[in-house]
Amino acid sequence: MLKLFDMKTLAAPKCSVLLLESLKEVENYFLGVDSKNPLAFDYETTGLAYDAIPLGLSLCQVTSDTSVFIPYNYFFTKGLESEGIAKLCNKYFKGKKLIAHNAKYDSMIGLMNGFSDSSMEIYADTLVMVHLYDSSLDKNLEQRVFQDFKYRKQSFSEICGKKWNKIDWDKEGDSLLEMLAGYSGEDTFWTCRLYQKYSIMLDEQLWKIHDKIELPNIKILRDAKIRGVLMDIPLLKQMGRQLDSYLEKIESDIYSEAGCVFNLNSPKQKQEVFFQKMKLPIVTTTGKGSPSTDSGTFDTWAEQGIRVGELLSEYSTLNKLNSGYVRAIPELVDNKNVLRGDINSCGTDTGRCSSSNPNLQNQPNSDQFPVRKAFIPRAGYVFINRDYSQLELRILAELSRDKNLLDVFKQGGDPHSDVAHRLGISRSAAKTVNFGVIYGLGPDNLARKLDISSKEASKIIDHDYVKAYPGVYSWKQRVQQYAKKHYYVRNYFGRIRRLPGVVSGSNYEYFSALRKAVNTTIQGTGADIVKLATVKTVESLRKNGLDAHFLLQVHDELLFEVREDQAILAEQIIINGMETAVKFSIPLLTDGKIILNWSEMKDSDIVSVPYRFSYVLSGLI
DNA sequence: GCGTCACGCCT
DNA sequence: CCCGGGCGTGACGCC
Numbered sequence: 007m008l009k010l011f012d013m014k015t016l017a018a019p020k021c022s023v024l025l026l027e028s029l030k031e032v033e034n035y036f037l038g039v040d041s042k043n044p045l046a047f048d049y050e051t052t053g054l055a056y057d058a059i060p061l062g063l064s065l066c067q068v069t070s071d072t073s074v075f076i077p078y079n080y081f082f083t084k085g086l087e088s089e090g091i092a093k094l095c096n097k098y099f100k101g102k103k104l105i106a107h108n109a110k111y112d113s114m115i116g117l118m119n120g121f122s123d124s125s126m127e128i129y130a131d132t133l134v135m136v137h138l139y140d141s142s143l144d145k146n147l148e149q150r151v152f153q154d155f156k157y158r159k160q161s162f163s164e165i166c167g168k169k170w171n172k173i174d175w176d177k178e179g180d181s182l183l184e185m186l187a188g189y190s191g192e193d194t195f196w197t198c199r200l201y202q203k204y205s206i207m208l209d210e211q212l213w214k215i216h217d218k219i220e221l222p223n224i225k226i227l228r229d230a231k232i233r234g235v236l237m238d239i240p241l242l243k244q245m246g247r248q249l250d251s252y253l254e255k256i257e258s259d260i261y262s263e264a265g266c267v268f269n270l271n272s273p274k275q276k277q278e279v280f281f282q283k284m285k286l287p288i289v290t291t292t293g294k295g296s297p298s299t300d301s302g303t304f305d306t307w308a309e310q311g312i313r314v315g316e317l318l319s320e321y322s323t324l325n326k327l328n329s330g331y332v333r334a335i336p337e338l339v340d341n342k343n344v345l346r347g348d349i350n351s352c353g354t355d356t357g358r359c360s361s362s363n364p365n366l367q368n369q370p371n372s373d374q375f376p377v378r379k380a381f382i383p384r385a386g387y388v389f390i391n392r393d394y395s396q397l398e399l400r401i402l403a404e405l406s407r408d409k410n411l412l413d414v415f416k417q418g419g420d421p422h423s424d425v426a427h428r429l430g431i432s433r434s435a436a437k438t439v440n441f442g443v444i445y446g447l448g449p450d451n452l453a454r455k456l457d458i459s460s461k462e463a464s465k466i467i468d469h470d471y472v473k474a475y476p477g478v479y480s481w482k483q484r485v486q487q488y489a490k491k492h493y494y495v496r497n498y499f500g501r502i503r504r505l506p507g508v509v510s511g512s513n514y515e516y517f518s519a520l521r522k523a524v525n526t527t528i529q530g531t532g533a534d535i536v537k538l539a540t541v542k543t544v545e546s547l548r549k550n551g552l553d554a555h556f557l558l559q560v561h562d563e564l565l566f567e568v569r570e571d572q573a574i575l576a577e578q579i580i581i582n583g584m585e586t587a588v589k590f591s592i593p594l595l596t597d598g599k600i601i602l603n604w605s606e607m608k609d610s611d612i613v614s615v616p617y618r619f620s621y622v623l624s625g626l627i
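Here the working numbering is used: the first residue of the first sequence is 7, the next is one more, and so on.
Don't read these hints as lab results, they were simulated from the structure.
Only pairs whose alpha carbons sit at most 20 Å apart, straight line, appear in this in silico EDC-like list of lysine to aspartate or glutamate:
1) K599 x D571
2) K437 x D393
3) K159 x E184
4) K156 x D71
5) K542 x E585
6) K203 x E148
7) K203 x D144
8) K218 x D140
9) K437 x D450
10) K159 x D144
11) K473 x E462
12) K437 x D420
13) K103 x D71
14) K93 x E31
15) K30 x D40
16) K203 x D154
Here are the in silico distance ranges between beta carbons for each label pair:
17) E545 x K97: 21 to 29 Å
18) R433 x G311: 27 to 35 Å
19) R433 x Q578: 28 to 36 Å
All values derive from a computational prediction rather than experimental measurement.
Backbone N, C-alpha and C fix where the C-beta goes; we use that ideal spot for every residue, glycine too.
Input sequences plus hints: build the corresponding full structure.
Laid out in structure tokens, this is it:
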């Protein structure tokens, strides 16, 4: 499984760069490339967006200390035509062992500039390799090169520290080109060095995750970004106008109640007004120990009949929604109202994906604020949305082999009710206990959550639950012992999370590491199941020739856009792909439906949104 | 301009 | 101070 390279021909860590000035020179370079050894490629572009303009493409063989740079003709007078470059690369990339540092990005730029998917088969991604080896390492190429090889690479901003539209290309073009070639050539050269270093640091299990889970998943995330999701911008604008008018009214009423005007978004000013001037009671404190002005505090005040509490709670919720989502999203769509967020496969320590620009994984999902209603399929398409039911508890059952927990799922029962029944507590309390088992909730926090004494909480955790599910308890013990022995844990697929905290002198770090050991094993197994399910499902949709497109994932949920008339078949394929992603002794089940927007809401539009705020409904506006 | 805090949205 | 894992906003302090 190890990807070997020829040790005898290892290049010395010193790089020279050749500027290729004609397609003939490019072709000659390719003719000299040995297909047996990895070939690094790296784009330089005008930005990070999917439609960034390529400035040039650098290539370097892992066995060579010379990289080449192919300039594009958008700016450089010596640059080559995009079509010509694509034609040659489509021919000569085939059969090569392509490597890149963040192949999701470079292959996206390639796809957008005439490279075919089939010619860009990625052999290894050094960013993924670093992440799989140790997720806590800096993954940035500059940082990695410095930390691994003590070499100070030029940073991109040093080369091109100015706005592209401000460059006088006639005057500066040639010198810029030389600097860019040098910079880019170094990138591929050091990508090769990283490949060599990390290829021998990954074991068979990690390589398998890289090959079978990460690389195929990355292609899907790349394609999803290129496609993007259509947004109902008029709906968001309308919501925004309504929120503005609500906020304006609430704000002035708060100032009246407080008897002064201040910045409602400044925790510091709020503290002054509420605690020093108005002498309102402190409910909780922040991490730093100062009195908190969060929405929980406001709600407590409201319960105590302090009117400003209700107003403040309304303000903070509405303002969050407005500034964080309703106002932010229209700034990010293209001229066709298509949103292209990033989903990053190497963004977390557990193996989950993260998302940004915008974060597609924290879009509000409440009945009151249907921001997800603004995520809509294109004309002629529908959304198919499916999420795993109790994925993490099923994983806990499977990994721990606890008989009682396994039986719940074998018999199609409800794990929360089972806990409630066995522990003699309410279903809602049982749900909290189940979350606590997965997250490593301690007695004090459970007590606070359930509003019971620490002693009662201790009894639930250390006695009642252990007695009801002894296999879960002993499995957790084994996972923590393993972590203490190896300084890392592995999930079901062998993905590693390093936990140096298990030998920390600090009590908090130590117990935190033990909680992470348990949580990462479960959460990370879930993450890899979802990634596998994505790969399997997308592959199956493609094989069936369906006009169906993966759009995004939210940890245990997948969203697809499918041509209307193919929705029923596509849904069956998606269900099958997700539910058979991994073979467990208990079934993995999914819920979901075919929908016309991403909201869970079934009726009503923004005009009649049933805002829960009595203030708003009381006719004061 | 950049990092940190406090806060709050998701799972 | 802290139950796991994220990201974005606004304020504020530092440079």
